[in-house]
Amino acid sequence: MVVNLDWELISESVPLLLTGAVVTVEITAISVGLGLLIGMIVGIARLSGVKPIRLISGAYVDCIRGTPLLVQIFIVYFALPAVTGTRINPFIAAVVACSINSGAYVAEIFRGGIQSIDPGQMEAGRSLGLTWGQTMRYIIMPQAFKRIIPPLGNEFIAMLKDSSLVSVIGFEELTRRGQLIIARTYASFEIWTAVAVIYLIMTLTISRFVAYLERRYRTK
Amino acid sequence: MRKIVCALMALFMLGALSGCGQETKKAADKKPAAKETKVLRFGTNAAFAPFEFQKKGSKDYSGFDMDLARALGKQMGMKVEIVNTPFDGLIPALNAGTVDAAISGMTITDSRKQQVNFCTPYYKSGLIVMVKKDNNNIKSIKDLEGKKIAVQIGTTGATQAHKVKGAKITEFNNNPEACLELKNGGADAVIGDLPVEQYYLKQGGDKDAKLVGDTLSAEDYGIAIAKKNTDLLEKMNKALAELKKNGEYDKLYKQWFGAAPKK
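Chains A and B, in that order, are what the protein sequence lines are.
For the first sequence, our numbering gives the first residue as 1, with consecutive numbering after it.
For the second sequence, our numbering gives the first residue as 1001, with consecutive numbering after it.
Just so you know, the hints here were simulated from the structure itself, not pulled from any lab data.
For glycine and all other residues, C-beta sits at the position ideal for the given N, C-alpha and C.
Treat the hints with care, as some may be off.
[Stated by the list, open to error] Computed, partial: chain A to chain B, Cβ under 10 Å: (1) 77; (2) 86; (3) 188.
Start from the sequences and build out the full structure, keeping to the hints where you can.
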């Protein structure tokens, strides 16, 4: 079956879609960046000797990983303002929901990376007179970082695609742009294909970059 | 440990395979029954009270459109199945054949007529501007220039909003979400269908919202059918005419809107 594609429509729409793609990359970059910070802290907290810290960070990870990102976005944008009485800017709501979500998954990535380091390293550090915190910072974390580059790259790619969910609060990232064009032109096939291709180009680029980082920081 | 994991995986795959078997068996069972009463699948966006919505605590679809769809099905001797779809997905669904007809407070417009066929109109509507109750600056659509407007994606309200100079428009998947945006202060106004916003106010929305200005446009709702399905279009129009003739249509109209339809 030969499909007749409306190439003119596609070429007209691509610039508009690309502005959406820029927004997608913005949200993803900021969310994963904040997620890295949150994840690092929470990941280490999960391994803390102090029970309350361990329990709270564990609860955070369980709750966020245990609920869909879509629901989290709705809660941050529609439910919270109803409770607090103040409205949240859609961009901030999108970034908050996505970073909190990313943070939980990154925390587990960090935890796994840290735990994969030979416990002998911690023992060696402590026996040299370093505190738990210093050993973590100077000995364990640098090694762990190299190991978690692949799963972190994965998380970035996953968040890039999951960012399409913020379309439900009317936020005009790539998927929403596509949806809006289709609402006016009904060219479902052409536009969704174009949107998918743009996502693919973005994720493939990130995959290549992550592969480069892996090669460069390969653990011997 | 390994043996347990292997056993679990084997069980899981068995379950998945038997599930496939079940579905083909169910489909085979359904087919002979379906041949006796044909199924008429109506697509709708069931977040549009009083035309299509789900009553509190119920999974069933209520509303004027829903009752009309079921009455039409009965008139045509077909079993009616309602498929809840995003509004902007209704016309693609018709073209893809996943639903046979769409009844969803859909206005008959020229651009839509290029994609699908419409039955004879079954309701006269119009657009209206809704603002927060304490907003005294916006009295009509002329005051909306440069303001923030919330609308539902793919609706005539959205098209109207885009005509307003300098307005910042946010398009939501459902009308209730646009109203929520207004309530939370994210938008200065909503442009939506008059009967729907009136119903929203009646259900308690009038605590923080009100309608302003005149009805913006005269719009007719129609049932949409895929262009290639001329057979169904003819049958549906006949059934609709019959319902209007025998008083069924008037009865439903009065039930939902309190008064007989204006001729």
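Cross-check of the supplied hints:
{"no.": "1", "hint": "77", "verdict": "holds, 9 Å"}
{"no.": "2", "hint": "86", "verdict": "holds, 8 Å"}
{"no.": "3", "hint": "188", "verdict": "holds, 4 Å"}
The structure agrees with every numbered hint stated previously.
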